[in-house]
Amino acid sequence: MGCEKKYIQMGEGSVRVIDHAAISDAVRALFIEANYRLPPAVCHLISEAKSRERDPVARGVLDTLEENIAAADELDVPICQDTGMAVLFCEIGRGVYIDAVLEDAVNEGVRRAYVEGSLRKSIVRDPLYDRTNTEDNTPAALRVFFSRDPKLDGSIRLTAAPKGFGSENMSTIKMFTPSATERDIIQFVVDSVLHAGANPCPPIVVGVGIGANFEGVALLAKAALLRDTPAEDARYRQLEEKLLCAINETGIGPQGFGGDTTALAVRVNSAPTHIAGLPVAVNINCHVSRHKSVIL
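Per numbering that gives the first Met the number 0, residue 0 is the first one in the sequence shown, and the count goes up by one each step.
If you're looking for bench data, these hints aren't it; they were derived computationally from the structure.
For every residue, glycine included, the Cβ atom is placed at its ideal position computed from N, Cα and C.
Treat the hints with care, since some could be wrong.
As the list claims (entries may be wrong) - Simulated restraints, written as ranges between beta carbons of each label pair:
#1 Val56 <-> Asn168: 23 to 31 Å
#2 Asp183 <-> Ala20: 48 to 56 Å
#3 Val293 <-> Lys241: 30 to 38 Å
#4 Ser117 <-> Val293: 19 to 27 Å
Kindly produce the complete structure, drawing on both the sequences and the hints.
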């Protein structure tokens with residue numbers, strides 16, 4: 000997917016203009032595709048888990064999950080009835096000019112995706128006083144970042160991550176002090192999973208954020224769910240492995256029926272933080288860990 004490249008002169012150089020209609024079209028396609036088809040990496044994790052699973056009931060559940068994923072693909076329908084809050088990550092490269100309000104272009108794409116794609120609309124106008132459905136799943140939860148990656152110069156990367164709330168409701172955050180140890184963090188993550196139990200439709204994918212501040216650590220955990228590969232930093236890669244092992248030892252198992260496969264993967268993102276703090280957030284995703292990206 001792409002769009003025609005147009006440039007305008009600014010000062011001594013030029014910047015690329017990205018048309019708002021191209022953004023809306025891309026957002027529409029991303030949310031429909033993300034809701035209909037699971038990323039191959041996640042499908043592979045489920046298949047691997049089934050091959051290792053020792054409990055016959057758990058293996059049967061994993062078999063059913065694979066059948067559901069295949070049926071959704073074949074019938075061209077959503078994998079899950081909860082087609083989620085429309086979370087969109089937008090990474091903007093250098094030398095880019097968007098010819099309209101980005102939020103408006105994104106919400107137009109979300110509206111078209113959820114109406115034209117027959118996706119369930121789940122957003123209410125006000126969280127407390129006016130829980131009336133907006134009827135088009137807007138507004139989206141838009142997260143904007145500015146990238147230094149030279150591969151994104153003159154481009155933007157859009158990543159759609161529809162997030163169901165059976166798992167979102169199980170998310171947790173804790174503001175540790177710097178005296179907290181790795182063991183303390185592992186226990187907090189495991190306790191979060193134990194508290195969640197079968198509610199987030201395990202096997203789950205667990206995003207963990209460590210560092211930043213109160214709101215920043217939650218975003219780190221959310222963004223970790225988009226990563227299909229282990230952490231590059233060996234220390235955090237080992238922490239991911241320890242967390243996955245500890246979570247699977249809980250025995251919650253697929254859909255809470257017991258077994259070896261409570262989690263398919265754990266992804267940890269970290270960021271610098273204040274000398275007086277050590278924030279940790281846990282964002283749980285069900286086995287339908289949906290995300291889809293495109294560069295415009």
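Cross-check of the supplied hints:
1. For Val56 paired with Asn168, a C-beta distance near 26 Å keeps the hint of 23 to 31 Å intact.
2. Evaluation of the 48 to 56 Å hint for Asp183 and Ala20 yields a pass: the beta carbon distance comes to about 50 Å.
3. Roughly 34 Å separates the CB atoms of Val293 and Lys241, a value that falls within the hinted 30 to 38 Å.
4. Roughly 21 Å separates the CB atoms of Ser117 and Val293, a value that falls within the hinted 19 to 27 Å.
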